[in-house]
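Colleague: Listed below are the residues making up each chain.
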Amino acid sequence: NAGVTQTPKFRILKIGQSMTLQCAQDMNHNYMYWYRQDPGMGLKLIYYSVGAGITDKGEVPNGYNVSRSTTEDFPLRLELAAPSQTSVYFCASGPSNIQYFGAGTRLSVL
Amino acid sequence: QKEVEQNSGPLSVPEGAIASLNCTYSDRGSQSFFWYRQYSGKSPELIMFIYSNGDKEDGRFTAQLNKASQYVSLLIRDSQPSDSATYLCAVNEDSSASKIIFGSGTRLSIRP
Chain A
1 NAGVTQTPKF RILKIGQSMT LQCAQDMNHN YMYWYRQDPG MGLKLIYYSV GAGITDKGEV
61 PNGYNVSRST TEDFPLRLEL AAPSQTSVYF CASGPSNIQY FGAGTRLSVL
Chain B
1 QKEVEQNSGP LSVPEGAIAS LNCTYSDRGS QSFFWYRQYS GKSPELIMFI YSNGDKEDGR
61 FTAQLNKASQ YVSLLIRDSQ PSDSATYLCA VNEDSSASKI IFGSGTRLSI RP
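Protein chains in written order, with this note's numbering: chain A, 1 to 110; chain B, 1 to 112.
Hint data in this document are derived by calculation from the structure and do not stem from the laboratory. Heads up, some of the hints might be wrong.
Stated by the list, open to error - Sample of chain B residues at the chain A side, in silico, Cβ under 8 Å:
id	residue
1	ARG28
2	GLY29
3	SER32
4	LEU88
5	ASN92
6	ALA97
7	GLY103
Said to hold, decoys possible - Derived DMTMM-like pairs: lysine to aspartate or glutamate, alpha-carbon spacing no greater than 25 Å straight-line:
id	chain 1	residue 1	chain 2	residue 2
8	B	LYS2	B	GLU15
9	A	LYS9	B	GLU45
10	A	LYS57	B	ASP55
11	A	LYS57	B	GLU57
12	B	LYS99	A	ASP56
13	B	LYS67	A	GLU59
14	A	LYS57	B	ASP27
15	B	LYS2	A	GLU72
16	B	LYS42	A	ASP38
17	B	LYS56	A	GLU72
18	A	LYS44	B	ASP27
19	B	LYS2	B	ASP27
20	B	LYS2	A	GLU59
21	B	LYS99	A	GLU79
22	B	LYS99	A	ASP26
23	A	LYS57	B	GLU3
24	B	LYS67	A	ASP73
25	B	LYS99	B	ASP55
26	B	LYS42	A	ASP73
27	B	LYS99	A	ASP38
28	B	LYS67	A	ASP26
29	B	LYS2	A	ASP38
30	B	LYS56	A	GLU79
31	A	LYS44	B	GLU3
We treat Cβ as the ideally placed atom computed from N, Cα and C, and that holds for glycine.
All chains should be built: construct the whole structure from the sequences, respecting the hints.
Modeller: Dropping the structure here:
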């Protein structure tokens, strides 16, 4: 049972590059979330989804996009990477608003 | 702007004592309250959730919720060095049961 799988684990981007952070869960959870965590800080909600085809903005959505075409996958897209997007990104899923987190993706934008 | 406030710490507690962690929230209509533990360099893991006023106990952990005063707390009894971590409080926004906002966390250190 893999739980919540995030790929890649680490990535370095140049300013202006684009990338997609992948998140997949095998628990048939309806709820999925993306958070970012800056050093020494709490989690900031970027986007969330309560089911396939439904997404909503969180606290800090600017510079990011998401899609939810299946129950299992919830990719996060960065279109034009900026240094301010250097962070650790966590994906979470849950049968309700109780969340189970993936291991995270550490992203540096230089 | 909805807010979830926690004292950043560090909170230092001797081994075997009770650690008390507090969290206040701004949205009076919030219904769901969570405590997560995060070890350094790791992802958050759920410790407890509470939806009703009062206390909820699970092993050495007790969550306390007071909606009138808009605070939620976590008590850890018989604190162990392995409890040393950052504890994150999370609350749903009034407008959405599914929109979960986190506080900045309290760093707890258990000294032997």
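Colleague: Does each hint fit the structure? Answer for all of them.
Modeller: The hints, checked one at a time:
Restraint check, B/ARG28 versus chain A: the minimum CB separation of about 18 Å is more than 8 Å; hint violated. The interface hint given for B/GLY29 is violated, since its Cβ lies 14 Å from the closest Cβ of chain A, which is over the 8 Å cut-off. Nearest Cβ of chain A to the Cβ of B/SER32: about 5 Å, under the 8 Å cut. The hint holds. Of the supplied interface hints, the one on B/LEU88 holds, with its beta-carbon coming within about 6 Å of a beta-carbon of chain A, less than 8 Å.
At its closest, the beta carbon of B/ASN92 sits 6 Å from a beta carbon of chain A; the interface hint therefore holds under the 8 Å criterion. Look at B/ALA97: its Cβ gets to within about 6 Å of chain A, closer than 8 Å, so that hint holds up. Contact between B/GLY103 and chain A, as hinted, is supported at the beta carbon level, the nearest pair being about 5 Å apart and thus within 8 Å. Simply put, B/LYS2 and B/GLU15 have alpha-carbon atoms about 35 Å apart, too far for the 25 Å limit, and the pair is violated.
Straight-line distance between C-alpha atoms of A/LYS9 and B/GLU45 comes to about 18 Å, which keeps the hinted pair within the 25 Å bound. Distance check on the hinted pair: A/LYS57 and B/ASP55 sit about 32 Å apart at the alpha-carbon level, beyond 25 Å; violated. Proposed proximity of A/LYS57 and B/GLU57 is contradicted: the alpha carbons are some 34 Å apart, above 25 Å. As the CA atoms of B/LYS99 and A/ASP56 are separated by approximately 9 Å, the hinted pair is consistent with the 25 Å bound.
For the given pair, B/LYS67 sits about 23 Å from A/GLU59 by alpha-carbon distance, which is consistent with the 25 Å threshold. Only pairs whose Cα atoms come within 25 Å are accepted, and A/LYS57 paired with B/ASP27 is accepted, the gap being roughly 18 Å. Only pairs whose Cα atoms come within 25 Å are accepted, and B/LYS2 paired with A/GLU72 is rejected, the gap being roughly 29 Å. At most 25 Å may separate the alpha-carbon atoms for a hinted pair to count; B/LYS42 and A/ASP38 meet this at roughly 13 Å.
Taking the CA atoms of B/LYS56 and A/GLU72, the gap is about 32 Å. The hint is violated against a cut of 25 Å. This hinted pair checks out: A/LYS44 and B/ASP27 have alpha carbons roughly 17 Å apart, not beyond 25 Å. A threshold of 25 Å between alpha carbons decides the hint, and for B/LYS2 with B/ASP27 the separation of about 6 Å falls inside it, so the pair holds. Of the supplied pair hints, the one linking B/LYS2 and A/GLU59 holds, its CA atoms being roughly 9 Å apart against a limit of 25 Å.
Of the pairs offered as hints, the one joining B/LYS99 and A/GLU79 holds, with about 24 Å between alpha carbons and a cut-off of 25 Å not exceeded. Proximity of B/LYS99 to A/ASP26 is assessed by CA-CA distance (about 22 Å); at most 25 Å being required, the pair is judged to hold. For the hint pairing A/LYS57 with B/GLU3, the CA-to-CA distance comes to about 16 Å; that is within 25 Å, so the pair holds. Between B/LYS67 and A/ASP73, the direct Cα distance comes to roughly 35 Å. Violation of the 25 Å bound is thereby established for this hinted pair.
Pair hint B/LYS99 plus B/ASP55 holds up; C-alpha atoms about 24 Å apart against a cutoff of 25 Å. Straight-line distance between C-alpha atoms of B/LYS42 and A/ASP73 comes to about 22 Å, which keeps the hinted pair within the 25 Å bound. For the hint pairing B/LYS99 with A/ASP38, the CA-to-CA distance comes to about 20 Å; that is within 25 Å, so the pair holds. Taken as a hint, the B/LYS67 and A/ASP26 pair is broken in the structure, with Cα atoms around 35 Å apart against an allowance of 25 Å.
Only pairs whose Cα atoms come within 25 Å are accepted, and B/LYS2 paired with A/ASP38 is accepted, the gap being roughly 19 Å. Distance restraint check for B/LYS56 and A/GLU79: the Cα-Cα separation of roughly 44 Å exceeds the 25 Å cut-off, and the hinted pair is therefore not satisfied. About 11 Å separates the Cα atoms of A/LYS44 and B/GLU3, which keeps this hinted pair within 25 Å; it holds.
Hint compliance for this structure: hints 1, 2, 8, 10, 11, 15, 17, 24, 28, 30 are broken, all remaining hints hold.
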